[in-house]
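Visitor: Single-letter residue listing:
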Amino acid sequence: MFPNPFDYYAPETCDDVYALLHEHGYDAKVIAGGQSLLPMMKLRLAAPEVLVDVNNVADLRTMAVSDTGLRLGALTRHAEMERAQWPDYPLLSATAGHIADPIVRNRGTMGGSLAHADPAADWGAALLALDARVTLADAARSREVRLDDFFVDTFTTVLEPTELLTAIVIPAPPRESRPFGQYLKLERKVGDFAVVGVAVTASLDDAGRVVTAGIGLASVGPRPLKAQAAEALLVGQTLSPAVIREAAEAASQAADPVSDRRGSAEYKRTMVRVFVERGLAKIQADWELVNRASA
Amino acid sequence: MDNGKRQSVTVRVQINGETREAAVESRTLLAYFIRDTLGLTGTHVGCDTTSCGACTVLLDGVPVKSCTVLAVQAHGHQLETVEGLEQDGKLHPLQQAFWDNHGLQCGFCTPGMLMTALALVRQEPLADEETIRRAISGNLCRCTGYMNIVKAIRQAGRTVAQTQEV
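Heads up: the sequence lines are chains A and B, in that order. In case it helps, my numbering puts the first sequence at residues 1 to 295. In case it helps, my numbering puts the second sequence at residues 1 to 166.
Note that these hints are calculated values from the structure, not bench results. Some hints could be false.
[Unchecked claim] Now the in silico label distances, taken between C-beta atoms and shown as ranges: (1) A:E249 with B:G145: 34 to 44 angstroms; (2) B:W99 with A:E144: 50 to 60 angstroms; (3) A:A265 with B:Q123: 36 to 46 angstroms.
[Claimed, not checked] Some chain A residues judged to face chain B by a derived CB distance under 10 angstroms, without partners named: (4) N4; (5) G34; (6) P174; (7) V190.
We treat Cβ as the ideally placed atom computed from N, Cα and C, and that holds for glycine.
Using the sequences and the hints given, assemble the complete structure.
Guide: Here it is, written out as structure tokens:
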């Protein structure tokens with residue numbers, strides 16, 4: 001299998017990328033890791049006239065940790081996140097290890113995954129849970145967009161054809177709290193897309209109260225979903241079994257799954273509830289472990 | 001379809017230590033460049049859909065599925081394929097270990113399996129079974145049930161750790 005013919009450009013600066021996107025507009029497609037785009041091009045589901053390869057743009061590889069958060073260049077590979085040891089962002093490595101398989105993770109990028117906007121992708125759910133923002137830029141301007149406002153529909157985002165997703169910005173967890181994160185994924189076989197994916201994160205204070213909480217859902221809607229009502233239920237609470245059950249139920253109501261060959265809508269909705277419950281229970285157990293150790 | 005501006009691209013790679021160069025269509029996939037253009041048919045194309053891992057090669061030392069990388073994306077980079085393992089008529093410790101442990105039956109997945117294993121034993125020669133199984137989870141074998149592959153990679157890792165020959 002091979003793609004339709006295309007013109008290939010491999011610019012080395014963002015400005016050159018912007019110029020190419022400006023020149024070719026809808027005919028151009030940006031390729032980063034290519035682990036979703038190339039399979040689609042081989043199946044002729046995508047047939048761009050022009051391919052703009054951003055792998056040589058050094059500015060897209062930068063990674064910066066500060067007091068306010070984490071800024072990851074769009075070219076950050078899944079494997080880099082899997083290996084990352086950032087105690088403040090445990091959900092990142094927890095999620096990365098579930099994406100596709102180790103060889104795909106060596107190549108696929110976070111920015112590419114988000115721009116591709118597959119509703120089943122794991123990063124969408126995890127980064128929604130983390131309240132991430134993305135930086136979108138073209139020659140004229142750069143704007144930061146909340147990820148929840150970035151995703152529009154299946155394979156559709158607010159990214160303009162002339163714009164490049166350059167970075168992902170993740171806010172730091174609040175001070176005086178400890179962040180926890182769990183990614184739970186139901187898949188038919190290793191490396192498959194999620195039947196249901198659930199990202200759960202929470203920052204707990206010394207008393208075990210939730211300071212911030214995030215719940216993101218993959219594969220149960222036309223786009224990755226943020227279970228906001230469930231998140232709100234958790235804030236200020238300790239993770240008692242009753243609170244966990246209530247939040248899990250609310251998250252399952254936020255899901256909007258369809259029945260397909262991977263499972264019925266009812267099954268998927270139930271699995272969201274089960275996974276949120278398991279994720280939060282694990283976070284509570286992890287918190288108790290840490291607290292006991294430091295007591 | 002051809003609008004007259006589909007350029008051919010020059011791809012120059014260092015493959016198994018040797019510099020090779022060819023002009024190909026920009027849409028040429030790395031697996032086909034290696035097999036058809038460079039004539040190195042040790043790298044196999046299995047599923048051609050980024051699932052099976054038979055086409056795994058090392059790009060700058062990192063395993064990638066060469067059916068899902070454009071040849072032009074490897075321009076100026078280092079490639080390693082199964083042909084580079086044997087040196088001076090002597091099997092690489094990984095090849096020897098696959099032989100000793102019957103780590104292959106039909107052999108179709110073997111080139112990809114070996115290259116993934118090569119990256120692992122370089123990085124972590126004494127990896128435990130769980131780490132090995134995780135590392136090869138993107139390489140499918142339909143014959144062996146993986147037991148002997150895992151055994152082979154452990155043996156090779158021990159050999160490499162002892163001799164630093166990798």
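Visitor: State for each hint whether it applies.
Guide: We went through each hint and held it up to the structure:
1. A:E249 with B:G145: 34 to 44 angstroms: holds (42 angstroms)
2. B:W99 with A:E144: 50 to 60 angstroms: holds (56 angstroms)
3. A:A265 with B:Q123: 36 to 46 angstroms: holds (43 angstroms)
4. N4: Result: holds, 7 angstroms to nearest chain B Cβ.
5. G34: holds (6 angstroms)
6. P174: At about 33 angstroms, which exceeds the 10 angstroms cut-off, the nearest Cβ of chain B leaves the hint on P174 (chain A) violated.
7. V190: holds (5 angstroms)
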